[in-house]
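Peer 1: Chain residues, written in single-letter form:
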Amino acid sequence: DAKTTQPTSMDCAEGRAANLPCNHSTISGNEYVYWYRQIHSQGPQYIIHGLKNNETNEMASLIITEDRKSSTLILPHATLRDTAVYYCIVRVGSGSARQLTFGSGTQLTVLP
Amino acid sequence: EAQVTQNPRYLITVTGKKLTVTCSQNMNHEYMSWYRQDPGLGLRQIYYSMNVEVTDKGDVPEGYKVSRKEKRNFPLILESPSPNQTSLYFCASSKRTGVDTDTQYFGPGTRLTVL
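Quick mapping for you: the protein sequence lines, in order, are chains A and B. All the letters of the first sequence, read from the start, carry residue numbers 20 to 131 under the numbering used here. All the letters of the second sequence, read from the start, carry residue numbers 19 to 133 under the numbering used here.
For the record, the hints were derived by calculation from the structure and aren't laboratory data. Every residue gets a Cβ at the ideal spot worked out from N, C-alpha and C, and that includes glycine. Please note that a few of the clues may not be correct.
[Unchecked claim] Quick partial rundown of chain B residues pointing at chain A, CB under 8 Å, derived from the structure:
{"no.": "1", "residue": "Ile30"}
{"no.": "2", "residue": "Pro57"}
{"no.": "3", "residue": "Leu59"}
{"no.": "4", "residue": "Phe108"}
{"no.": "5", "residue": "Thr121"}
{"no.": "6", "residue": "Phe124"}
{"no.": "7", "residue": "Gly125"}
{"no.": "8", "residue": "Pro126"}
{"no.": "9", "residue": "Gly127"}
For reference, chain B alone in the conformation it holds in the complex:
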């Protein structure tokens, strides 16, 4: 089954404790992205990657890191989480060519709480 998976689905942590949220897709997609969703602010892109070893900042990259060492994986790293990073996070992937690039497939979400 074609899918985007994220782990963990739920995480409660404390300020300053480094964490990684994993994202994996099995559709051989070139493009992958991370979004966060907050009430009243909609979905905002954190980082995106157009291919292996190619990453770029989205609208809200502060406090986050990403890496793209393999095509299928795109982990989101919070080196020193803070309470304002409490949010619902989504990973997404899409193919590279033409209109289909905008058919993005989203993971199930990771609900992160930073105390």
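Just chain A, with the same shape it has in the complex:
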């Protein structure tokens, strides 16, 4: 699986958009970008994933650059409950139960 690089921490004002970047310059053509988050000591929660097109769901938007070497997770209107560690994971969607490699992630703190 490709290595990812994320900032250690970010702050965001409540109600504003939170933009979380992720670099994955070694991504290969069949690897997907996944985002999960973990609110303190709770189970990780799936947010969104994509291959090359931008994606949006009820939680967030995922913007993937044209060369696929980086992506941005956007939480459009951050709330205090969005304070969590956000993990960007790149891997092949090959259909297995092999582990997700979470890395260190970005600690997002939403400020009132």
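For chain A, the structure is supplied; the task is to place chain B on it using the hints.
Peer 2: Frame of chain A; chain B shown alone:
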């Protein structure tokens, strides 16, 4: 409500006393996994199961056993717990086919302390 449940949520035990942490999912998922999370080490997979009666070792299987007799349940067994198994444990499940396999659903966690 689709969910993964774990019991107990908190457990304090002593070295050598056998224990079982249960995991159950109601989403008819084929795949189930156990992870442990330790400070500075992230989440590491202990065991996983691709279907009933099919289990395999993850990265850190020593000291653990699992079984998959039913599709919905995947218990984690510590036959003789030791203090180095003090950790936060998560069970996860996912569907089998295509990309959705990587959309893993995690339980709430079990915080285990072995004295």
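Peer 1: All hints, please: hold or fail.
Peer 2: Results of checking the hints against the structure:
Because the smallest distance between the Cβ of Ile30(B) and any Cβ of chain A comes to about 16 Å, over 8 Å, the interface hint for this residue is violated. Hint status for Pro57(B) relative to chain A: violated, with the closest Cβ pair at about 11 Å, above 8 Å. The beta carbon of Leu59(B) is not positioned within 8 Å of any beta carbon in chain A (closest approach about 10 Å), and the interface hint is therefore violated. Annotation: Phe108(B) was flagged as interfacial toward chain A, and the flag holds, the nearest CB pair being 5 Å apart, inside 8 Å.
Given hint, Thr121(B) at the interface with chain A, holds; its Cβ is 5 Å from that chain's nearest Cβ, closer than 8 Å. A distance limit of 8 Å between C-beta atoms decides the matter here; for Phe124(B) the minimum to chain A is near 3 Å, and the interface restraint holds. Hint status for Gly125(B): holds, given a least beta-carbon distance of 5 Å to chain A, under 8 Å. Against a cut-off of 8 Å between C-beta atoms, the interface hint on Pro126(B) holds, since the closest Cβ of chain A lies about 5 Å away.
This hint holds: Gly127(B) has a C-beta 6 Å from the nearest C-beta of chain A, less than the 8 Å allowed.
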